[in-house]
Every structure is written in structure tokens, then in C-alpha cells.
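Given the sequences, and given the hints that come with them, work out the whole structure.
For the sequence shown, counting from 1, position 239 maps to 318 in our numbering; every step adds exactly one.
Don't read these hints as lab results, they were simulated from the structure. Any given hint could be a false lead.
Claimed, not checked - In silico lysine-lysine, BS3-like type, Cα no more than 30 Å apart, as pairs:
| hint | residue 1 | residue 2 |
| --- | --- | --- |
| 1 | Lys275 | Lys83 |
| 2 | Lys186 | Lys163 |
| 3 | Lys165 | Lys109 |
| 4 | Lys171 | Lys317 |
| 5 | Lys162 | Lys246 |
| 6 | Lys99 | Lys332 |
| 7 | Lys174 | Lys162 |
| 8 | Lys246 | Lys82 |
| 9 | Lys174 | Lys83 |
| 10 | Lys273 | Lys83 |
| 11 | Lys273 | Lys345 |
| 12 | Lys317 | Lys347 |
| 13 | Lys172 | Lys332 |
| 14 | Lys170 | Lys217 |
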Amino acid sequence: MFKKIYLVAEIGCNHMGDMKLTKILIDQAKNCGADYVKFQKRDNNILFSKKEYNSKHPVEANSFGKTYGEHREFLEFNLNQHKKIKSYCNKKKIKYSCSVWDINSAKIISKISRDYIKIPSATNLNFEVLDYLSNFYKGDIHISTGMTSSDEIDEIIDFLDKRNSLKRTILYSCTSSYPAKIEDIRLLDILNLKEKYGKFLKGIGFSGHHKGLSIDNAAISLGASWFERHFTFDRTAKGTDHAASLEAEGLMKLRTRLNETNITLKFKPKKILDNEKFQRNYLKKIIRV
80 MFKKIYLVAE IGCNHMGDMK LTKILIDQAK NCGADYVKFQ KRDNNILFSK
130 KEYNSKHPVE ANSFGKTYGE HREFLEFNLN QHKKIKSYCN KKKIKYSCSV
180 WDINSAKIIS KISRDYIKIP SATNLNFEVL DYLSNFYKGD IHISTGMTSS
230 DEIDEIIDFL DKRNSLKRTI LYSCTSSYPA KIEDIRLLDI LNLKEKYGKF
280 LKGIGFSGHH KGLSIDNAAI SLGASWFERH FTFDRTAKGT DHAASLEAEG
330 LMKLRTRLNE TNITLKFKPK KILDNEKFQR NYLKKIIRV
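What follows is the structure, encoded as C-alpha cells:
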């Protein structure tokens with residue numbers, strides 16, 4: 080059955096703290112057919128203890144600062160910068176979205192991200208954030224389920240149900256590994272989410288951190304209508320997420336393949352298809368006994 084398929088190019092932190100590069104990535108995502116570009120917002124003083132903030136990056140070659148806190152701050156855009164990014168998205172006619180990692184970020188981004196706010200897998204058990212978005216945010220709530228048990232997903236769904244927020248919730252199947260091995264992508268999880276929660280939700284999504292394009296199409300037939308992939312200018316660039324991202328050529332191919340797969344998801348009618356009638360008349364021999 081034909082349905083709208085949304086493609087989200089997650090720029091995340093792949094902008095490397097550079098506004099000029101950010102605009103280039105937005106332009107590329109638009110040209111590739113993405114419906115949304117997505118960024119991230121963190122309040123690092125909330126997320127990290129003083130010890131964590133002042134510790135070394137676990138992979139120093141990927142660090143943009145002397146400490147992990149400095150690294151995170153280097154990659155963090157403030158509210159004014161996010162407003163400029165959203166304005167540029169409007170100019171380029173591609174939609175803006177953002178993941179929030181804490182309550183302060185949720186409050187900030189809710190002022191500018193009108194369509195939806197994403198809750199990453201790392202934050203989906205922060206019920207303070209879920210409560211705020213349920214009660215004070217009017218847009219949709221998108222939630223990834225990576226590194227989350229079935230019981231914890233039940234808890235999230237029950238929490239949102241009590242706040243009458245499920246009909247504006249998109250739940251994503253996700254494996255939180257960067258990059259994730261193909262054998263660790265459990266696509267049938269999409270079917271489980273659809274069968275268990277689909278009738279209560281606005282939709283089901285697939286957030287992929289794998290390499291390549293070979294498995295995304297299957298997610299459509301299992302019930303996903305939102306597709307999120309990290310996006311970069313260079314998979315070998317400095318940083319954590321580039322290796323698990325698509326470059327422009329890959330994102331464009333993904334858009335094409337998702338569209339092609341989507342238009343095929345129909346049943347054959349009882350009557351002969353019009354495009355088969357010529358060959359039927361020319362080739363088909365009917366012999367009954």
C-alpha cells in the first residue's frame with residue numbers, strides 16, 4: 080500500500096562546529112531528496128559530571144578539544160545558531176529537526192523545531208524530557224529504541240499513553256552501534272514494533288547506523304515510513320559519526336531506492352494489468368481439459 084516515505088539526513092555533529100560546512104551539508108541533503116535535516120542539542124553541564132567533563136576523549140584522534148567537555152562544546156551550536164540554521168533550511172525549502180539530550184535542550188529546541196523533536200536512544204528513559212514534550216510541546220515526538228529493552232519500551236509507551244501523546248509519536252527501530260554490523264541490524268524488530276504498538280502510534284521509523292544501502296528497502300515492507308541516516312561530506316573525516324554516515328551519492332541512491340520500493344508495494348488486481356494485455360494477447364495460449 081502506497082504511503083509517504085520520509086527521509087531524514089542526520090547531520091548531527093558532522094558539521095564539525097563549522098557553520099559554512101553546515102550550509103553545504105544542508106544544500107547537499109536537499110539536492111539528494113531528503114525531507115529533513117536533523118541536528119543535535121546538548122547541555123553538556125547537565126549531561127556530564129565535572130570528572131567526565133574534564134576527562135580525555137576516549138579516542139583522542141577524534142577530539143576537538145583538550146578534554147571531553149571541550150570537545151563537546153566545540154561541536155555545540157547555541158540557540159541563535161540553531162535559529163540561523165533553521166532560517167537557512169527554510170530558504171532552501173528543506174525542513175529542520177533536532178535531537179535533544181536533556182531537559183534544557185528540550186526547552187530550547189521546542190521554541191524553534193515546530194514539526195517534531197527527536198529523543199535519541201541515550202535519552203529515551205529521561206522521563207523529565209518526555210513529560211515536558213508531552214505537556215508543553217505541540218509538535219510530534221520521535222523516539223529511537225536503541226540499547227533499550229522491551230520492558231523499557233513498554234514503560235515509555237505507557238508513560239506517553241497516560242499523557243495522551245501516542246498519536247503524535249513516531250517510534251524508531253534502531254541498533255546503537257557506530258557503525259553497526261549488518262548482522263546486528265534486527266529488521267524484524269520493525270514488525271514487532273508495528274504489531275505491538277502501531278495502532279496506537281502515528282508511525283514507525285528506522286534509524287540506521289550501518290554501512291551501505293542494501294537493507295533499508297526491506298524496512299518499508301515491514302512497516303517503516305520514516306528513515307533516518309547520518310549524513311556527512313566525507314566518511315573518513317575526523318569525528319565519531321562519519322564512518323556510520325552516508326555521503327551525498329549514497330543518500331541520493333537511498334532516496335531513489337526507497338521511492339522505487341514504495342511504489343511497488345501494491346497487490347495485483349483481479350483483472351489483468353493494462354500493461355500485460357499486449358503480451359497476453361500475443362503470447363498466452365489457453366488450453367483447458
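Verification of the hints:
{"no.": "1", "hint": "Lys275 with Lys83", "verdict": "holds (22 Å)"}
{"no.": "2", "hint": "Lys186 with Lys163", "verdict": "holds (18 Å)"}
{"no.": "3", "hint": "Lys165 with Lys109", "verdict": "holds (13 Å)"}
{"no.": "4", "hint": "Lys171 with Lys317", "verdict": "holds (27 Å)"}
{"no.": "5", "hint": "Lys162 with Lys246", "verdict": "holds (28 Å)"}
{"no.": "6", "hint": "Lys99 with Lys332", "verdict": "holds (25 Å)"}
{"no.": "7", "hint": "Lys174 with Lys162", "verdict": "holds (13 Å)"}
{"no.": "8", "hint": "Lys246 with Lys82", "verdict": "holds (17 Å)"}
{"no.": "9", "hint": "Lys174 with Lys83", "verdict": "holds (15 Å)"}
{"no.": "10", "hint": "Lys273 with Lys83", "verdict": "holds (16 Å)"}
{"no.": "11", "hint": "Lys273 with Lys345", "verdict": "holds (19 Å)"}
{"no.": "12", "hint": "Lys317 with Lys347", "verdict": "violated (49 Å)"}
{"no.": "13", "hint": "Lys172 with Lys332", "verdict": "holds (20 Å)"}
{"no.": "14", "hint": "Lys170 with Lys217", "verdict": "holds (23 Å)"}
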